[in-house]
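With the hints as your guide, set chain B onto chain A.
First to last, the sequence lines map onto chains A and B.
Mapping the first sequence onto our numbering, position 141 (from 1) lands on 141, and the numbers just tick up by one.
Mapping the second sequence onto our numbering, position 163 (from 1) lands on 163, and the numbers just tick up by one.
It should be emphasised that the hints constitute simulated quantities derived from the structure, not laboratory data.
One should not assume that every hint holds.
From chain B, some residues computed to sit far from chain A (all C-beta separations above 12 Å) [unchecked claim]:
1) 146
2) 236
3) 258
4) 298
5) 348
6) 430
7) 458
8) 500
9) 534
Selected chain A positions facing chain B (Cβ under 8 Å, derived; list incomplete) [claimed, not checked]:
10) 3
11) 36
12) 55
13) 57
14) 68
15) 72
16) 75
Beta carbons: idealized from backbone N, C-alpha and C, even for Gly.
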Amino acid sequence: MIKKKICLLGSFSVGKTSLIKQFVHGIFSEKYLTTVGVKIDRKQVETAVGSALLLIWDLNGADRFQTIRSSYLAGSSGFLLVVDGTRPATLEVAVDIAENLDRTMGPLPRILLLNKWDLRDEWSMPEEQISKLRDMGWQVLKTSAKTGEQVEEAFRALTEAMLRKEGPER
Amino acid sequence: MSRDQSHFEELRTLLLRPEQEHLEDLEARLLDPQRLADHVSRALPIAVRRSHEDNTLLARALSPLIEEAFKKSIRKNPKLLADILFPVIGRAVRKAVGEAWQRMLQQINEVLETRLSPRSLKWRWQARRSGRPYIEVVLANTLVFRVEEVFLIHRETGLLLHHKGIGAELTETEVVSSMFTAIQDFVKDSFRVDQESMLASLQLDDLTVWVEPGPYAYLAAVIRGHPPEALRQVLQVNLEEIHFGFARDLEHFSGDTEPFEAAQDQLDNCMVSQLQQKENKNTRLTGLAIAMLVAALLGWISWTRYVVHRDLTVIRETLQQEQGYRLTRARAAAGNYHIEGLKDPLAEPLESVLAGASLSRPVTADLQSYLSLEGSFLLSRVRRAVNPPPEVDLDLQDGVLVFRGKADVPWRRQTEKLLPLLPGITAWDLSGLEAAVDPIAEKNKQFQVEAAALENWVIYFNVNETELSDTLSPKIQEAAPRVQRLFALADELDKDIVLVVAGYSDSMGSEEYNLKISSQRARSVADFLVAEGIDPGRMLTEGRGSSGATADLNPERMRRVQLTVQIQTKP
Numbered sequence: 001m002i003k004k005k006i007c008l009l010g011s012f013s014v015g016k017t018s019l020i021k022q023f024v025h026g027i028f029s030e031k032y033l034t035t036v037g038v039k040i041d042r043k044q045v046e047t048a049v050g051s052a053l054l055l056i057w058d059l060n061g062a063d064r065f066q067t068i069r070s071s072y073l074a075g076s077s078g079f080l081l082v083v084d085g086t087r088p089a090t091l092e093v094a095v096d097i098a099e100n101l102d103r104t105m106g107p108l109p110r111i112l113l114l115n116k117w118d119l120r121d122e123w124s125m126p127e128e129q130i131s132k133l134r135d136m137g138w139q140v141l142k143t144s145a146k147t148g149e150q151v152e153e154a155f156r157a158l159t160e161a162m163l164r165k166e167g168p169e170r
Numbered sequence: 001m002s003r004d005q006s007h008f009e010e011l012r013t014l015l016l017r018p019e020q021e022h023l024e025d026l027e028a029r030l031l032d033p034q035r036l037a038d039h040v041s042r043a044l045p046i047a048v049r050r051s052h053e054d055n056t057l058l059a060r061a062l063s064p065l066i067e068e069a070f071k072k073s074i075r076k077n078p079k080l081l082a083d084i085l086f087p088v089i090g091r092a093v094r095k096a097v098g099e100a101w102q103r104m105l106q107q108i109n110e111v112l113e114t115r116l117s118p119r120s121l122k123w124r125w126q127a128r129r130s131g132r133p134y135i136e137v138v139l140a141n142t143l144v145f146r147v148e149e150v151f152l153i154h155r156e157t158g159l160l161l162h163h164k165g166i167g168a169e170l171t172e173t174e175v176v177s178s179m180f181t182a183i184q185d186f187v188k189d190s191f192r193v194d195q196e197s198m199l200a201s202l203q204l205d206d207l208t209v210w211v212e213p214g215p216y217a218y219l220a221a222v223i224r225g226h227p228p229e230a231l232r233q234v235l236q237v238n239l240e241e242i243h244f245g246f247a248r249d250l251e252h253f254s255g256d257t258e259p260f261e262a263a264q265d266q267l268d269n270c271m272v273s274q275l276q277q278k279e280n281k282n283t284r285l286t287g288l289a290i291a292m293l294v295a296a297l298l299g300w301i302s303w304t305r306y307v308v309h310r311d312l313t314v315i316r317e318t319l320q321q322e323q324g325y326r327l328t329r330a331r332a333a334a335g336n337y338h339i340e341g342l343k344d345p346l347a348e349p350l351e352s353v354l355a356g357a358s359l360s361r362p363v364t365a366d367l368q369s370y371l372s373l374e375g376s377f378l379l380s381r382v383r384r385a386v387n388p389p390p391e392v393d394l395d396l397q398d399g400v401l402v403f404r405g406k407a408d409v410p411w412r413r414q415t416e417k418l419l420p421l422l423p424g425i426t427a428w429d430l431s432g433l434e435a436a437v438d439p440i441a442e443k444n445k446q447f448q449v450e451a452a453a454l455e456n457w458v459i460y461f462n463v464n465e466t467e468l469s470d471t472l473s474p475k476i477q478e479a480a481p482r483v484q485r486l487f488a489l490a491d492e493l494d495k496d497i498v499l500v501v502a503g504y505s506d507s508m509g510s511e512e513y514n515l516k517i518s519s520q521r522a523r524s525v526a527d528f529l530v531a532e533g534i535d536p537g538r539m540l541t542e543g544r545g546s547s548g549a550t551a552d553l554n555p556e557r558m559r560r561v562q563l564t565v566q567i568q569t570k571p
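Chain A extracted, bound-state conformation (with noise of 0.2 Å):
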């Protein structure tokens, strides 16, 4: 069996935490988040290229790299970088984030979700720049905790990412 550490990473309140609910019904209840700063979560995925079972660390949310707990990252395989649609500056975050993951732990697969695409009467995304992003490699996913659009897909996604990452290594 094939398991996956991923961690979800972005600024307060863009969703992190509903979107895991909307993917998967876990046992820890959320006060870890606010305690221990962390609550995992585990999903079986299927994908075109096998199948994984990831344990999904919700990590709390930072505003800068620098006040995530590097022990929670270690050992992951990939993550997402969630984005609240509404919110520019959260995207700032997540760039600021995804740069520091490169450097301190190397090329991992990386999915950046816009969530909260379920309010597109407020979106607020600099267009031009996401472009930019999906230009230099990233994934980009609109994504909705409320409707679940698009969350079954990241994940798949991701794990697909994961999956190829280390496919000629096997």
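Below, chain B without anything else, positioned relative to chain A:
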């Protein structure tokens, strides 16, 4: 010449070509470091071995070099060395700790050896039977635990490599494993401990989580109860085995947990449990029986002690009150009581003195004789010595021996002589004694009177008269009862008497005739007395002729019969 030369050159080339090529090759080998290295690498192992065989020069030359290289390597990546040494150091440390532990057990052993309880006796017996140290048995009996879950967790990712649990499998073991790792990290971060160290144990009421860390993976054992320190060793050994057997898989772990299915055995080894044997009904009954037995024994001992104490008290008090005994020691011996002391010969026998005491054991005695000066003993000793007549009363009044009653004179005289010789008698009073009449003396007197009266009795006969005429009969009648009385008295006094009936005659006839007539007269009287009932065997008849005649006696008084009483001495 030039042609020659060139020819020569050509020839030389032809001739020496192989050599030339060989030389060039050698030169190339020496000058090209790559090729030289290839060459030397083949010879080096042999050369090193030779050098090592011949002397230690090479080793000495190389050692500083290797040392330096080693130091550099460690400085560069200390973790590498730690990871390499992990299985080795683990064993070494375990051995040292094991020895220290053994020593400590020994010490505890010695302390525990001195304590005693029914349970400890049982354990001691178990230890003796199994040849294990006593302390080990104690620990085994007291420590109760069960490893309920074992998690083999990848250290870096927190991913669960393998899991083993009792009963229903936890569905969320994966999450638990990760969360546990997260909490480990959280604790480490919070308390700023070394990143290599780990939270060794968590305690939640009855549940304990023990973490055994390794370089790539760690074991977390969920234990119910109180695990013994030895369990750590079990975890350690098995974690080391996993590191040894799965070194590559651990090092290059990328999420595939399949290889770790094979770690099943090691995890199984960790599923240790130690259940305390519940005391079943049987042992409880046995315990009860033993308790009752002990209680009974104690009861019996104290009852026996009580009885002995009571009996000895009775013996002491009885003999204290009994006159003629002086007790110096009384004790309980095996199966009996033994007393020592003094006893007056006149005292009551010990058996009868103690007869009423109803003692639980027989009494043996070692008693010396002594004379008691107590009143009753003085009196009985005096009585034994003087043998008083029944009419005499003896009494002690203020130390004075007082006699009262009737006693005859000879006894009184005898007593007066004896009294000063008796121990304990200092004063006496005989004034209360009246002189008593002696019945024998009285009878003797009577006998004397009767005998004298009989001897004064005389009967006179006429001339030539031998038969008792009617005139004589009143006189003879009067003799018979007197003789009867005298004989009766003689019998009472135990005197053997003979009544001599003597006949006399006057002096006128011849002597021969006189003897004849006198004996006839005695015979007549004797016959008459026999006729009256007197025993003829006690009479003696004698004819004494005229022998009793005197000058002044007239013939009428000479013809007579007289009686004499002769007392025979007994043979």
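To see whether the hints hold, each was checked on the structure:
| no. | hint | in the structure |
| --- | --- | --- |
| 1 | 146 | holds, 24 Å |
| 2 | 236 | holds, 23 Å |
| 3 | 258 | violated, 6 Å |
| 4 | 298 | holds, 62 Å |
| 5 | 348 | holds, 100 Å |
| 6 | 430 | holds, 125 Å |
| 7 | 458 | holds, 167 Å |
| 8 | 500 | holds, 159 Å |
| 9 | 534 | holds, 153 Å |
| 10 | 3 | holds, 5 Å |
| 11 | 36 | holds, 5 Å |
| 12 | 55 | holds, 5 Å |
| 13 | 57 | holds, 7 Å |
| 14 | 68 | violated, 11 Å |
| 15 | 72 | holds, 6 Å |
| 16 | 75 | holds, 3 Å |
Checked against the numbered hints above, the structure violates hints 3, 14; every other hint is satisfied.
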